[in-house]
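Colleague: Chain by chain, the residues:
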Amino acid sequence: MSTLTDPPKDNFRLSMLFNDTRYRSLTFQAIAAILVALSIFYLGSNLLTNLEEAGLNISFAFFQNPAGYDINQRLVEYSSQSSHGRAALVGALNTLLVAFLACITATIFGVVAGVLRLSKNWLISKLMAVYVEIFRNIPVLIWIIIIFTIMTAVMPAPRAFRGDDATASMLLDMFAFTNRGVYIPMPYFEHGLFASAQGNWLLVIAGLIGSFFGARAINRWAAAKQEATGERPKTLLPLLAVWFVPLIVLMFVLGLAWELPALKGFNFKGGIKVGGPLIALWFALSIYTGAFIAENVRAGIQAVSKGQTEAAAALGLRPSRVMNLVVLPQALRVIIPPLISHYLNITKNSSLAIVVGYADITATLGGITLNQTGRAIECVLLLMAFYLTVSLVTSLVMNFYNASVKLKER
Amino acid sequence: MKKSYILGALTVATLSAGAAAAGTLDDVKARDKLQCGVNTGLVGFASPDANGEWQGFDVAVCRAIAAAVLGDSSKVEFISTTGKTRFTALASGEIDVLARNTTWTFSRDVDLKFEFTGVNYYDGQGFMVPKDLGVSSAKELDGATVCIQTGTTTELNLADFFRANNISYEPVPIETDSEAQQQYLAGACDTYTTDASGLAATRATFDDPGAHVVLPEIVSKEPLGPLVRHGDAEWGDIVRWTLNALIAAEELGVTSANVAELSSGTGNPEINRLLGTEGTLGEMLGLDAEWAKRAIMVSGNYGEIFAKNIGVDTPVGLARGLNAQWTEGGLLYAPPFR
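Chains as they are written, first to last, in my numbering: chain R, -13 to 396; chain V, 143 to 480.
Keep in mind the hints are simulated off the structure, nothing from the lab. Careful, some of the hints might be misleading.
Said to hold, decoys possible - Simulated crosslink set (DSS-like; lysine-lysine; CA at most 30 angstroms straight-line):
{"no.": "1", "chain 1": "V", "residue 1": "K273", "chain 2": "V", "residue 2": "K450"}
{"no.": "2", "chain 1": "R", "residue 1": "K255", "chain 2": "V", "residue 2": "K217"}
{"no.": "3", "chain 1": "V", "residue 1": "K171", "chain 2": "V", "residue 2": "K226"}
{"no.": "4", "chain 1": "V", "residue 1": "K363", "chain 2": "V", "residue 2": "K217"}
{"no.": "5", "chain 1": "V", "residue 1": "K450", "chain 2": "R", "residue 2": "K255"}
{"no.": "6", "chain 1": "V", "residue 1": "K171", "chain 2": "R", "residue 2": "K250"}
{"no.": "7", "chain 1": "V", "residue 1": "K273", "chain 2": "R", "residue 2": "K250"}
{"no.": "8", "chain 1": "V", "residue 1": "K363", "chain 2": "R", "residue 2": "K334"}
{"no.": "9", "chain 1": "V", "residue 1": "K171", "chain 2": "V", "residue 2": "K273"}
{"no.": "10", "chain 1": "V", "residue 1": "K255", "chain 2": "V", "residue 2": "K226"}
Said to hold, decoys possible - Among the chain R residues that face chain V by a calculated CB cut under 8 angstroms, a handful are:
{"no.": "11", "residue": "A16"}
{"no.": "12", "residue": "Y174"}
{"no.": "13", "residue": "I258"}
{"no.": "14", "residue": "G360"}
As the list claims (entries may be wrong) - Covered by chain V, according to a simulated footprint, are these stretches of chain R (three or more residues, beta-carbon under 8 angstroms):
{"no.": "15", "stretch": "42 to 55"}
{"no.": "16", "stretch": "134 to 140"}
{"no.": "17", "stretch": "183 to 189"}
{"no.": "18", "stretch": "337 to 351"}
Think of the CB as a built atom: it goes at the ideal place given N, C-alpha and C, for glycine as much as any other residue.
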């Protein structure tokens, strides 16, 4: 007779939720999640109740209404008759423009200053230290105001260019530096293949992309030849040809011409205007964030073991090559992650644009539109969504790049 | 078998959001302080003087309300607001009344749910240019760069004016009046536009006011006045009638000099009703009988306040113009105190 006993039945009791280590953490997580959900629900219903009490509602219908105000820098067509939605788009593009430009220049400033700070030249390294300490220890808002104020005070007004006793003159008769912005010649095509200017520019861009792939093919061929024969063929001339010949031919066919800025009425007309607010904001953001990036670069370089430098030097590499081929590629692994957050900071700091009258999205959607429509909650929600999206996309792209340079573990 | 049940009493507090707004009057009395939203600094209208005391035309309205409600004109907390923050400050209850040269418009009254309690200054938007620019009319400003204060009705009027006249311009939006002045003086813009009274106030602070002219065109109607939140009619009435009391006092010849004497009784029943020696007007407002007397005693009637802060003898130097009493061809017309 066999005595078979059932294995002890796993009687689940409510008390096990707290006393059994298998369930305890789950219990607490569930409680925390419920509390968070409840508080969000409470805040949301509080908002809705208060809005209802004040007789207001959440509605995005105002987006269709004409904005009624003008914007000085527009990357897309816009007039005061356009909708609030269009005004928000103009602002968003302006934000992206200044953030993009500032990210590039901040990186250049940062890398140069970071490398030079480690220079053996006492004067240069100390100068860079002064730059870093001054710029990162003063709020960026103050830098924006300082740079803009200096620009408007030092540069001549357009009026100074007029008359026989003009106190200012154009550089080479092509560039005008005024306290309202810098005017530069604008290229255009006299006999374009397409009716619209965009079509012709797309053609040029297509040509450049073609050149890029052509150049890549030449480099590949040279590399393959080097693998096979041990000797790298000279590629300088073919490379120059593949870059410039199509471009020059295209410019000749399309009839490239330059529109020069000229003083007309109160302001310069013609050419491309790079507005003073854009320059001030761009420069201030770059030089401020550049100081932070310089410190990251320095930290990244110092994180590379000294043995690497010495080994490279022992192989007979020149100092510049040691830096470019051995140290910097390894330093990038340390530099990239904090660099991402600096890029995000630039985007977010660009919302200070209104102090210099730059029409970014905070100035249009979160400023004038909010004020004229009184739709504060809707506008601020949209602003949050915009900055969140831009920041997440920037992070995503940079994380891909980071994944490509980080230490490959096999 | 030991069973241990742990019962967590989850009390989901269904808190009724935002307890039904008690009357603003009760709030002000309980706080014993009036919170008044004013400009960040516009000479003549609202700006701190050398001693840090707020002075100005709008400030005087706040002080009069405080005197009427709390019996002491110094029981005011001045909260400076920009063109952008003012409506949020009022809607959220951070301030009880907004007296910040704010234009009475349909959408602000109806859509933003505010209640304009009257007009204390009839204004219109103008343009200021340096004299040596050689411009004599706003219609000659084709292609000009224009400095504007952002978040104001001037922004919209400007767009309308240039569109209606089919000329172009380039806006430079500026956050505050002082920054706008700086930009204008540096020549970063050809002209500065805001309410004509504001232009006069701004010009008064320049080193050489004579080098700048205000162009003759007035491109908009800008009735400026104090406003309160929608839905609290009692409080709205107090602000409205305090302003009316100041205006009526000028019409009736009640000044800061003779108000004490007149309040012992006169032969004019309207003055008696205003100053509380006859009838129960103060009681109807929820205040005491002498509310209007105290409001007038602070800095006099409307005319005195005007003359002291922005009149022709001040640096701002504004003529009464539209802001004269109706008996003298102006628009000021206080309804009867009856």
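Colleague: Compare the structure with each hint and give your call.
Modeller: Here is how each hint holds up against the structure:
The suggested pairing of V/K273 with V/K450 holds, with an alpha-carbon distance near 28 angstroms, which does not exceed 30 angstroms. Taking the CA atoms of R/K255 and V/K217, the gap is near 55 angstroms; set against the 30 angstroms cutoff, the hint is violated. At roughly 28 angstroms between alpha-carbon atoms, V/K171 and V/K226 fall within 30 angstroms of each other, so this suggested pair holds. For the hint pairing V/K363 with V/K217, the CA-to-CA distance comes to about 33 angstroms; that exceeds 30 angstroms, so the pair is violated.
A threshold of 30 angstroms between alpha carbons decides the hint, and for V/K450 with R/K255 the separation of about 47 angstroms lies outside it, so the pair is violated. In summary, the hint linking V/K171 to R/K250 is not supported, as the alpha carbons are separated by about 61 angstroms, beyond the 30 angstroms threshold. For the hint linking V/K273 to R/K250, the alpha-carbon distance of about 19 angstroms falls within 30 angstroms, and the restraint holds. Distance check on the hinted pair: V/K363 and R/K334 sit about 38 angstroms apart at the alpha-carbon level, beyond 30 angstroms; violated.
Distance check on the hinted pair: V/K171 and V/K273 sit about 51 angstroms apart at the alpha-carbon level, beyond 30 angstroms; violated. Using a Cα cut-off of 30 angstroms, the hinted pair V/K255 and V/K226 holds, with the two alpha carbons roughly 16 angstroms apart. Evaluation of the R/A16 hint against chain V yields a violated restraint, the C-beta minimum of about 12 angstroms exceeding 8 angstroms. Of the supplied interface hints, the one on R/Y174 is violated, with its beta-carbon coming no nearer than about 21 angstroms to a beta-carbon of chain V, more than 8 angstroms.
With a least beta-carbon distance of about 14 angstroms to chain V, the hint placing R/I258 at the interface is violated under the 8 angstroms criterion. The beta carbon of R/G360 comes within 4 angstroms of a beta carbon in chain V, closer than 8 angstroms, and the hint placing it at the interface holds. For the stretch 42 to 55 of chain R, the stated coverage by chain V holds: 3 residues have a C-beta nearer than 8 angstroms to a C-beta of that chain, and at least 3 were required. A count of 3 residues in the stretch 134 to 140 of chain R with a Cβ less than 8 angstroms from any Cβ of chain V is obtained; the coverage claim is therefore met, three being the minimum.
Given as covered by chain V, the stretch 183 to 189 of chain R fails the check, having 0 residues with a CB less than 8 angstroms from a CB of that chain where 3 are the minimum. Residues of the stretch 337 to 351 of chain R lying with their CB closer than 8 angstroms to a CB of chain V number 5, which satisfies the three-residue condition for coverage.
Checked against the numbered hints given earlier, the structure breaks hints 2, 4, 5, 6, 8, 9, 11, 12, 13, 17 and satisfies all the rest.
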